[in-house]
Structures are given as structure tokens and as C-alpha cells.
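Spelled out, the chains give:
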Amino acid sequence: MIGYIIQRLLSILLTFGVVSILLFMMMHAMPGGPFDATEMPLSGAAKATIMAQYGLDQPLYVQYFKYMQGVFQLDFGIPYQSPGETVLELLGRAWVPSLILGGAGVLIGAPIGIGLGLLAALNRNTWVDYLASSIATLGLTIPVFVTSMALILVFSVWLNWLPASGWGEPRKWILPIVAYATIPMATYARYTRSAILDTLNKPFVMVLRAKGLSERKVIFKHVLRNSAIPMVTVFLPMFIGTATGSIFVEAMFRIPGLGAYFVSSIVTKDYPLEMALILMITVMFCFAYFLADIAYAILNPRIRLKEGTSK
Amino acid sequence: MMSANKNNLYPQKSVKKEKSSIKSQIARNPLYYSWRRFCSNRGAVFSGSLLLIIVSMALFAPLITPTSYEEQKFLTENLAFPSAQHWMGVDDLGRDFYTRIVYGARVSLSIGFVAAAFSVLIGLPLGAMAGFFGGPADWIIMRIIEIFSVVPPLLVALLLAALAGGGFISIVFIAALFGWVQVCLLVRAQVMAFRSKEFIRAAQALGGTPAYVLFRHLIPNSISPVIVGFVQAIPLAMMLEAGLSFLGVGIAPPLPSWGQMINIGINFMFFYWHLALFPTLALALTVLSTTLFGDGLRDALDPTLRG
Amino acid sequence: MIPALELRNLSKTFDIDGGIKSFFGGLKQQKTAVDNVNIKLMPNSVLGLVGESGSGKSTCGLMAMRLLDVTKGNIFLKGTEITNFSTAELKPRRKQMQIVFQDNYASLNPMMTLSQIISEPFVIHGLHTRTERLELVADLLEKVGLGVGYTNRYPHELSGGQRQRVSIARALALKPDILVADEPTSALDVSVKAQVINLLHDLQAEMGLSVLFISHELNVIRSLADEVVVMYRGRVVEQAPTETIFQDARHPYTKELLNAIPSFVPRQRIRRTFMSPLQIAEAIPIFSEEDILPFNEQISSQPQLAKISNDHFVEAFIEQRRTQR
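Chains as they are written, first to last, in the working numbering: chain A, 151 to 461; chain B, -19 to 287; chain C, 2 to 326.
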């Protein structure tokens, strides 16, 4: 078991290392730094000073190592677009709306999704199933900015019930959170439905019913527990995935969250901010996958007890 | 040493010849049954038909639209709502909106198909190699896949799109870059499942080399995952393109893209909501129909691929 | 007479490791599937290889076909050692030995017609023209009892017994001298079993095949094999002509297997209990050196094969001749 954990850890670290190098190189391949002639024409000397100040004049690999050094100390540098604060501070500000959006979205969407999936699975092939599955499919296939647009059109433009943008008061939060919640809801509905259906088809459920166990107990005590494994392992990466899915919602509703800053950092070629964001999210994904793997290994006794396979 | 007559339990009967009722039976390739399964799935058939309509509209775009997509002919009727002359109204630059929407279909669908094709081109050989050779080859390919999984695809796509400056070809490549993983995984799983089956062993026992086995047996039996992977990659590519265009780093105007049009539509949505509505509907319908069609195809070809 | 197929001191160990874990120096456990097995398959005869699941008999068969790599030992095909032959060197020799598997459905490529399946051997070795191939396929189908009308069928349209016949037809296409049959009837119903066994019997007589028949069913073996080798946990524990095994088995495991055959006469049914490995190990016969025929190069304290008559070998403890004072 320990061996497996160490194995996964090393593997994830390797992946992370490769990714960080690739990202770093990509970032610096972007034509035109932030101090390009067109944006902010500077004289040669002034430009050189600023480059030196930001450390942009040194060879790439030196820059990389210095940067990674900083990263491990949580120092991401200073964003070009607002030099008054560090990247960390800026992100600290931006973090909050995204967290609320994502957190609320998942917390609302997941239970609804699980409920839908459960309903669909238990009433397989009836209209309940079709309805629930359709909702889930719609949620997954229609891109989130399309749903946001649809929501805005219906509730803001035509019905005029809710505001369409901004982030000041909680009232403004409703639409974005609903728009956002469709993703976890749909994903969970799908997973839950297929996981429960798979379990229901297993012979042991038939045995339980034959023993005379009430349907209620069969479902809640046995089926759910068995279906929990895939759901649990998918939870963490999805939670992290909120960070990226939120980009569209934030753009749609003009919310000053991480996603919005990311888009602006791309446009302004703000290296420190971009790198920091991508790295952070990559780290979170790595961590999430790692935890999910471990959780799966722990929960699934078949993997836990069998240390390896013979050829 | 002749084998003696061993007749303890099995009396020596001569081998019975099986009656061959050739006349009433036609040989049925396994794929034929998949076709039947597909046809019985009403949702899939419906989506498929819808998709066919959309594709036809895209193909015959010049024939069914009054003007070209960039002619700003109707500036006097700017932002007009749908009418008999302009089925979807006029956009903010005086262009017939219906035309723009139809040509937008061309852009989305072509990006979808081409990106999906590239995804298969990359994913199929990698998946086959990973599944067949296992060991170190598999490990490396799985690591590569892991790299592509932990990086948030959208963010990096944004980065790459900004780097490349948008444009049709770069978007296609970016979409393919993130689409091959799914195909690769599907093919790998299929090849691994078949690798230990006895007919592969039999082929080896007959004297087949690994290359022969791979090309004659494993890859033909992987058609299902490849088709499924291809068809499922299309909506993913389309959504990526729409997303990138929406954020401003995708297809540049005047070439119409639904994502781009939605972005513009936001600015006008409170009054001229038709500019936001139609691209939204178009995108939603197309993605929905391709996804459902893909799911139906998957269920028909191999229900075990689900999830 | 040179044996058609000879396995000499054959051993196979599997490494159990977690893939990349061993790369980082993880634990490497080993499982010995086959331990020092010696088998001589004579031309134009049937040798039955018997044992329960996990005894290593299938592994032996696969190694004999060079489908699995050998850990230790040698394989001789008609006198030529093929243990370390490369794929290229093996290819021409593959025409001389073929295999039929237990899982008849997985043995056939579901996307190929029977005609394609049976002519695959010709395709691989580049033999015969198209028309010749079609004729040969038709002949083979007749030979195994399926009519010509089956040529364009697909495997999923056949029953288990019919698929097994197809596997046999494919195996015989190249007219091999040796046929390894790995539990070909274990997955079939009793009546179909009978048909396939009769088929194999007829074909063996007709083509002079040397058959290595691997099975766990003793009654099947009895009706087909000339000689029987009993395997237990990777080792050969008894070897003798068929009737000798059935009438004069000496090893406790063989006796257990014989007792386990279901009886058709109710009155003769006995209550069966199966001995644990420990009990079997304790019941191994002990012979003193004088009683047995000279055979072993070296007498060890571990159980080893002892020759108790011209063609009967049993695994036993051999007590060394007491040296004269």
C-alpha cells in the first residue's frame, strides 16, 4: 500500500515538473513581452532597467529555477497589470468570488445531481428516468456560457427578475451560481445513475432481495455504499475543475474572479499572473488526482489487498 | 504406437455431419447488429437526422443564403429584429444574421470534424501501441496522458490560442491537442482487453509476427472505439472553439463563429436580444445533436464502452 | 524413436511485481508454476496431461508451443531444440505444431468469417492460391464435420461445439505433426464433448498426429490417451500408460483424482473427501533404493520421480541404500 502511494506521488511530481517546465517555456515564447513597443514605448535604457528589475534579461533556465524557488516559498512575483501588490495578494482578492461561485455551485449542484441520478436509476426507463437523464444530458452538452446566456435572456432580459452582472450584492449571485451549478449537477446525475444501475444489476442485490430485505434497506444500506466509490473519486477533481469552468461564467456575468483575471492576464501578457494561475490550478489538479487515486485504492478492497498482478 | 480403441464411456460413433441449412441464412457481420441497435434508439436516430440537416445546411450554405456573411448591405436596417426578409434579423454591422449563422455552422462543423480526425490520427496509434506493447511504452504514454489531464485544458488552450493569434488552423490544432487523449484511452482499453484473448494467441501460434497480429486482428477489432472516439471528439472540439472565440482568442471576424457572435450578442442583449438568442440556439442544438448521436453510436457499437 | 515433442527439465516462474514499483526497487515475489517437468510425446500417440486448475499443465502446453517464455529447461521439436529460437526461426517450424484452446469463443476473431479464419494459416505462410485455399477450407470443414455451407458464417452464429471444430480445422490446416489440445472439451456439454472427442480420435488415427491432450477430466483422458502424466502444483507426480494409472495408481494425488470421478452406479458411490496439500505430502510413498529400477542420477532427501516399472514413474521419497558396514 505504501509502495503504491509512493509510486503515485513520484509519478505526480514528475508530471508536475514536466508541466511547469513546458508552461514556463510556452510563456516566454509568447511574442512581445508586456513592455512591447506598441503598448508602452520605452527607450532602450529604460527598457533594459525594467527587464533587469523583473529579471527578464537572464537566460531562460536561470529564470526558471529562480521562479520555481519562489514558487515553493509562495512568492509568485508582481503582476504587471497592477504593480502595487504581489500576485499572491491579487489572487487573494480574486479568489473569493471564484470560491463562492464554485463552492456554492458544487454544493448546490451535487446533491441535486445525485438526487436526479438516484431517481433516474431507480425508475429506469420510465418517464422519470427520461426526464432526469435529459436534464443531465442538457446540462453536460450545452456549454456553460450558453446556459448562462439562456438564463440571462430568460430571467434578466425578458422577465426582468434578476440582475445580469456584477458581484456586489448576494442578489447578483443567484444567476451565476445557478448557471454554474448545472455542471456538477449534470455530471453527478450521470455518474450516479450509471453507478447505481451497475450495482443494481449485480447478483448480490438479487440475493439481498431474495432474503427478504426491504427495498429501502437494500438501496440505502447496500447499493449506495457500493456505488459510492466512483462518485467519491470523481468528486475532488471536479471540485478543482470549478476553477476553470468558472471562466465563462465570470466572463458572462462580469465577475472579478480568478477566471476573469486569467483572461485579462492573457490579453495583457502578464506573465507572473498567468504562470501563477496555471501552476496553482495544475498543482490542485495533481493533488486532487493523487488523492482520488489513493482514496480509490483505499475504498476498493480489491486493489488494496492485491499488491500486484502476475503476468 | 496406434492408439487402442478407448471405448469405455464414448462408443465409437462416426462423426455426425452437421446439416448445413445454407439456403435460409445470410451471413451477418457483427457490425450489422450494431446498425440495428442504433436504429432502435429513437433519440440517436433523431439526433442523427438533425445533424444531417445541419451538416447539409453548412455544405450548401451559399445556396440557401441571400448574401455573403461579410457584406454589410443592410446598414440602414441595423439591428433589425427578425422579419420576412431577414429570418434572423440584421446584426450590428448591417449583415444578414441568418447568413452569418449558417456560415457559422460551416466554421464550427469543419473545426469539429477536422480536429476530431486529427485526434484519431494521433490517438489511435498511440493507444494501440500502449495497449499492445504494454510495459515501458505504456508507462510513457500514460504519463503523457497524465500531463494532459492535470493541466486545465481550457487555460492552456487560451494560452496557446493567444500565442498563435487565433485563426482557423491553430484552433484546429489546439482542439486536436486536447482531443486525442480520449481516443487513445478508448483504443488502449480495447487493445488490452483483446490482447490476451485466445485468437491472438492462435494467430501467434500459427506464426504471425507482432506486426501482423496488430494490423490484422487488434486494430480491426478496435473499429468501435475509434468511431466512438471520433464522433465524441467532434462536440468537444466545437465547444472548445466556441469557448475560445467567445473569449476573443478564437476565430477572428469577419469569419463568423457562434462563440464569437454570442460574445458580441452580450453587449446588445437587453434590447436586441435576437443577436444573442440565435447563436446560442444554434450552438446548443448542434452540440446537443452531435453528442446524442455520438452516445447513440457508442451504445449501438459497444454498450460496454459506457462511462 | 525420437520423441515428436520433448520437454526436458522444464520450469517456469512468474514474477509478481507492480510494474514500475520494481523499477524503484520494490518487492519482487515469484510464483513457480512449473517445476522441473519432463515429458516425452512419442509420434502417433496421445499423451494425457492431467491436473487440477493451477497445476501448471496449461502453462506447460503454452511453453511447448513457445507462446510463453521458458524460465529453465529445454524444448525439443522432433529432436531440434527450439527453446531459444527467435520468432523468425520459429515461423517455419510452427507448421509442425498447433494448438486448440479451451475458450472456443475467444479462439476465433469475431470479425472474420470461418473461411477467413481457417485460411489464415495459409495467409500467414503464403501458401496456395486463392482458389486452392477455398478448396482446402472446404475440405477441412468437411473433415471436422461441418458442411461447406458454413464457409461464410461468423463465429457468433455457431454453437460451442461447432466453434471448437473450427478451431480444430484451423489447427490442422497446415497438417502439423503435433497437436496441443488445451482443455478443448472442458467448456462443452457432455454430449458435445463426446462428439469432439470422437472427432479428435478419428483425426489422430487418420493423420498420425501426436497429441498432447491437457485436461482435468480423467474420464475424457481415459477414452483418448495412451499415456498419462499427472501434474500437481507444477510437478509431475505420476506417469504411466493409461490403464496402469486407472488400475494401479501409486501416488496419493492420483488416487484422489480417481476417487473424484463421479460414479454412475449409485451403490458404488463413496463419500469423497479431498486431502489437503499437507496430507498429500505426508502420504507420498516411500521406496527404498533396492525396490526401484535405476533411474535417478542423484538421490536427494526431497521427493523425486522414481521408476517402479518399465513405464511407470511415481514421485516418492527414496531411501538410500544403507551402506554396508
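Quick caveat, the hints were computed from the structure, so don't treat them as lab data.
For every residue, glycine included, the Cβ atom is placed at its ideal position computed from N, Cα and C.
Fair warning: there could be bad hints in the mix.
[Stated by the list, open to error] Calculated Cβ distances over 10 Å to all of chain A for the following chain B residues:
{"hint": "1", "residue": "E126"}
{"hint": "2", "residue": "L157"}
{"hint": "3", "residue": "P215"}
[What the hints assert, rightly or not] Residues of chain B clear of chain C, computed beta-carbon distances all greater than 10 Å:
{"hint": "4", "residue": "G23"}
{"hint": "5", "residue": "F179"}
{"hint": "6", "residue": "L186"}
{"hint": "7", "residue": "L257"}
[What the hints assert, rightly or not] So the derived label-pair ranges between C-beta atoms look like this:
{"hint": "8", "chain 1": "A", "residue 1": "Y280", "chain 2": "B", "residue 2": "N247", "range": "51 to 61 Å"}
{"hint": "9", "chain 1": "A", "residue 1": "S414", "chain 2": "B", "residue 2": "L265", "range": "23 to 33 Å"}
{"hint": "10", "chain 1": "A", "residue 1": "D348", "chain 2": "C", "residue 2": "D70", "range": "36 to 46 Å"}
{"hint": "11", "chain 1": "A", "residue 1": "I171", "chain 2": "B", "residue 2": "P234", "range": "31 to 41 Å"}
{"hint": "12", "chain 1": "B", "residue 1": "P190", "chain 2": "C", "residue 2": "E158", "range": "25 to 35 Å"}
{"hint": "13", "chain 1": "C", "residue 1": "D70", "chain 2": "A", "residue 2": "G167", "range": "32 to 42 Å"}
{"hint": "14", "chain 1": "A", "residue 1": "V304", "chain 2": "B", "residue 2": "Q52", "range": "23 to 33 Å"}
{"hint": "15", "chain 1": "B", "residue 1": "L265", "chain 2": "A", "residue 2": "G253", "range": "25 to 35 Å"}
{"hint": "16", "chain 1": "A", "residue 1": "N275", "chain 2": "B", "residue 2": "G145", "range": "43 to 53 Å"}
{"hint": "17", "chain 1": "A", "residue 1": "I258", "chain 2": "B", "residue 2": "G147", "range": "55 to 65 Å"}
{"hint": "18", "chain 1": "A", "residue 1": "G167", "chain 2": "B", "residue 2": "P46", "range": "30 to 40 Å"}
{"hint": "19", "chain 1": "C", "residue 1": "K92", "chain 2": "B", "residue 2": "L265", "range": "49 to 59 Å"}
Is 23 to 33 Å right for how far apart the beta carbons of S414(A) and L265(B) are?
Because 32 Å falls inside the window, the suggested range holds.
10 Å cut-off, C-beta based - L257(B) kept clear of every residue in chain C:
holds (48 Å)
Minimum Cβ separation between E126(B) and chain A greater than 10 Å?
violated (5 Å)
Once the closest CB in chain C is found, is it more than 10 Å from G23(B)?
About 27 Å separates G23(B) from the closest Cβ of chain C, which puts it past 10 Å; holds.
Consistency of beta-carbon spacing, L265(B) to K92(C), with hint 49 to 59 Å
holds (56 Å)
Regarding G167(A) and P46(B), is the given constraint of 30 to 40 Å on their beta-carbon distance met?
For P46(B) against G167(A), whose Cβ atoms are near 57 Å apart, the range 30 to 40 Å is violated.
When you take the CB atoms of I171(A) and P234(B), is the distance between them in 31 to 41 Å?
holds (39 Å)
Should the hint that I258(A) and G147(B) are 55 to 65 Å apart at their CB atoms be regarded as holding?
violated (39 Å)
Non-interface label on L186(B), tested against every C-beta of chain C at 10 Å
violated (5 Å)
Outcome for the supplied range 23 to 33 Å, where the beta carbon pair is V304(A) and Q52(B)
holds (31 Å)
Please settle this one: F179(B) was flagged as non-interface, so is its CB more than 10 Å from every CB on chain C?
With a cut-off of 10 Å, F179(B) comes too close to chain C, as the shortest Cβ separation is near 5 Å.
If I claimed the Cβ atoms of D70(C) and G167(A) lie 32 to 42 Å apart, would that claim hold in this structure?
Between D70(C) and G167(A), where Cβ atoms are some 36 Å apart, the hint holds.
Hints 1, 3, 5, 6, 8, 17 and 18 from the list above are not met by this structure, while the remaining hints are.
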